[in-house]
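S.K.: Sequence:
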Amino acid sequence: MVHRGLETQILATLGEIGKEAHTEAVAERLGIVRHTAAKYLQILQAKGQVSCRKVGNAKLWQPIIAGLSIRPLLPEDLSAILKIQSQFQEEAARNAFAQTLEYHIECTDAALRLGAELQGQLVGFIVGEIRVWEFGGGEQTGWIKALSVAPEFQGQGIGRQLGEALLAHFRSRGIDCVRTLVDWHSGEMISYFRALGFEIMPMLPLEKQLSGIRTTPEPGAMVTIHSHHQKLAGGRDASD
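Following this note's numbering, the numbering of the sequence shown begins with 21 at its first residue and continues without gaps.
These are computed hints drawn from the structure, not numbers from a lab. In this text, a Cβ means the ideal position worked out from N, Cα and C, and glycines have one as well. Please note: incorrect hints may appear among the correct ones.
[To be verified] Ranges between beta-carbon positions, derived for each pair:
#, residue 1, residue 2, range
1, G140, M223, 29 to 37 Å
2, L80, V53, 29 to 37 Å
3, C127, K103, 20 to 28 Å
4, E208, L50, 25 to 33 Å
5, G76, G207, 15 to 23 Å
6, A32, G158, 28 to 36 Å
7, C127, W153, 18 to 26 Å
8, W153, R73, 45 to 53 Å
9, G140, A32, 35 to 43 Å
10, A66, H42, 13 to 21 Å
11, E44, A118, 22 to 30 Å
12, C127, Q29, 42 to 50 Å
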């Protein structure tokens, strides 16, 4: 017999945890045995209400937001994008970011610029591009340049859905390798990309400040997805 109330409690518990949760963690929170938690999580997965990711022998669960749609970004989304970025960037950085996003929205493949929409509101976005002859190689390479989720909607799997949608398009274009750059201290961002299957490259990024003055980017000046101190630099001109 299926108890609807327990399904609701499990969904609420996953929301409270705010990140992927082990079956054992759900069972402990609700004071039920692991077998029961696993049974109801599988029922919710079959209903399309939770997603599951296997790590070794463990299963990690998180809720799927009902009504969330992934679609191409449109010119009219720019103001909503900048509103999201206003929580991570100062105005000067947002102006440069706006110019870059405007170019990508108007001139690039629609499937390389995706937004996450929930009940008519844009709550996140991701932007990629395809490059040729990267680092002396002749193959085409996919790059993730910008990624952001509004703070109030973080921890609900939106960033993962955006990432998986963009990777699926790269795959459909015959791209075998996708890259991005992550700030060395952004542990959550590194974990996010590892969850998508990214690994550390056997390359060392180098830069030279032509002004002779080295500056430290403000929080959010590089692309972010988690919090104001988590930064990803998939392309500095693209700066969550």
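S.K.: Indicate, hint by hint, whether the structure satisfies it.
M.R.: Taking the hints in turn, this is what the structure says about them:
1. Look at G140 against M223: about 42 Å separates their beta carbons, and that is not inside 29 to 37 Å.
2. Checking the proposed 29 to 37 Å range against L80 and V53 shows it is violated: the Cβ atoms sit about 19 Å from each other.
3. A hinted range of 20 to 28 Å for the beta carbons of C127 and K103 is consistent with their spacing of about 23 Å.
4. Taking 25 to 33 Å as the suggested C-beta distance range, the pair E208 and L50 conforms, at roughly 26 Å.
5. Hint check: G76 to G207, Cβ distance near 20 Å, so the stated range 15 to 23 Å holds.
6. Taken as a hint, the range 28 to 36 Å is violated for the pair A32 and G158, whose Cβ atoms sit roughly 52 Å apart.
7. Range check, C127 to W153: about 20 Å between beta-carbon atoms, so the 18 to 26 Å window is met.
8. Range check, W153 to R73: Cβ separation about 34 Å, and the 45 to 53 Å hint is violated.
9. Under the hint 35 to 43 Å, the C-beta atoms of G140 and A32, about 24 Å apart, miss the expected range.
10. For A66 and H42, the Cβ-Cβ distance of about 20 Å falls inside the hinted range of 13 to 21 Å, so the restraint holds.
11. For the hinted restraint 22 to 30 Å between E44 and A118, the CB-CB distance of approximately 45 Å leaves it violated.
12. Between C127 and Q29 the beta carbon distance is about 48 Å. The supplied range of 42 to 50 Å therefore holds.
This entry does not satisfy hints 1, 2, 6, 8, 9, 11, going by the numbered hints stated previously.
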